[in-house]
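Enquirer: Just so we're aligned, residue 54 is where the sequence shown starts under the working numbering, counting upward by one.
Where hints are given, some of them may not hold.
Unchecked claim - Taking lysine-lysine pairs in the DSBU-like style, the calculated list, with each CA pair at most 30 Å apart, reads:
hint	residue 1	residue 2
1	Lys-112	Lys-128
2	Lys-121	Lys-131
3	Lys-112	Lys-90
Said to hold, decoys possible - Restraint ranges, calculated between C-beta atoms of paired labels, are given here:
hint	residue 1	residue 2	range
4	Ile-76	Ala-115	56 to 64 Å
5	Ser-95	Gln-58	55 to 63 Å
6	Asn-98	Ile-66	42 to 50 Å
7	Leu-126	Asp-105	29 to 37 Å
8	Asp-55	Ala-80	37 to 45 Å
9	Ile-119	Gln-84	49 to 57 Å
10	Val-92	Ala-118	33 to 41 Å
Calculated directly from the structure, the hints in this document are not laboratory data. All residues carry an ideal CB built from backbone N, CA and C; glycine is no exception.
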Amino acid sequence: MDAYQILVIILSIFLAIFLVLGIIALAFVIQILNQAKKVASSVENVADNIEDFSYRMTKVAAPVAIFKTITELLKHKKSSK
Numbered sequence: 054m055d056a057y058q059i060l061v062i063i064l065s066i067f068l069a070i071f072l073v074l075g076i077i078a079l080a081f082v083i084q085i086l087n088q089a090k091k092v093a094s095s096v097e098n099v100a101d102n103i104e105d106f107s108y109r110m111t112k113v114a115a116p117v118a119i120f121k122t123i124t125e126l127l128k129h130k131k132s133s134k
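Go ahead and model the full structure; you've got the sequences and the hints to work with.
Expert: Written out as structure tokens, the structure is:
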């Protein structure tokens with residue numbers, strides 16, 4: 054065996070090691086991305102719920118404000134008599 058063959062063997066071993074490490078790293082990245090997708094979906098659901106809640110509150114707030122104004126006017130009218 055001469056030096057070139059030994060060098061080829063060493064480089065082949067390192068290439069195989071880095072290939073295996075790259076595959077393992079890729080698997081971890083895929084898992085992290087899947088978890089990030091789940092978190093993003095959960096955040097989207099929360100945002101949708103908050104949007105729905107605020108829409109419903111605006112529908113309720115207008116009649117409540119009108120009722121409050123009318124009751125204050127009636128109280129003011131009764132107290133001025």
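Enquirer: Each of the hints needs a verdict: does it hold here or not?
Expert: Hints, verified against the model:
1. Lys-112 with Lys-128: With a Cα-Cα distance of about 25 Å, the restraint between Lys-112 and Lys-128 holds, given a limit of 30 Å.
2. Lys-121 with Lys-131: 15 Å, holds
3. Lys-112 with Lys-90: The hint is violated at about 33 Å.
4. Ile-76 with Ala-115: 56 to 64 Å: Given range 56 to 64 Å: holds, Cβ gap about 60 Å.
5. Ser-95 with Gln-58: 55 to 63 Å: 56 Å, holds
6. Asn-98 with Ile-66: 42 to 50 Å: At roughly 49 Å between Cβ atoms, Ile-66 and Asn-98 fall inside 42 to 50 Å, so the hint holds.
7. Leu-126 with Asp-105: 29 to 37 Å: Holds, since Leu-126 and Asp-105 (Cβ atoms, about 33 Å apart) stay within the stated range.
8. Asp-55 with Ala-80: 37 to 45 Å: Holds, at about 38 Å.
9. Ile-119 with Gln-84: 49 to 57 Å: 54 Å, holds
10. Val-92 with Ala-118: 33 to 41 Å: 38 Å, holds
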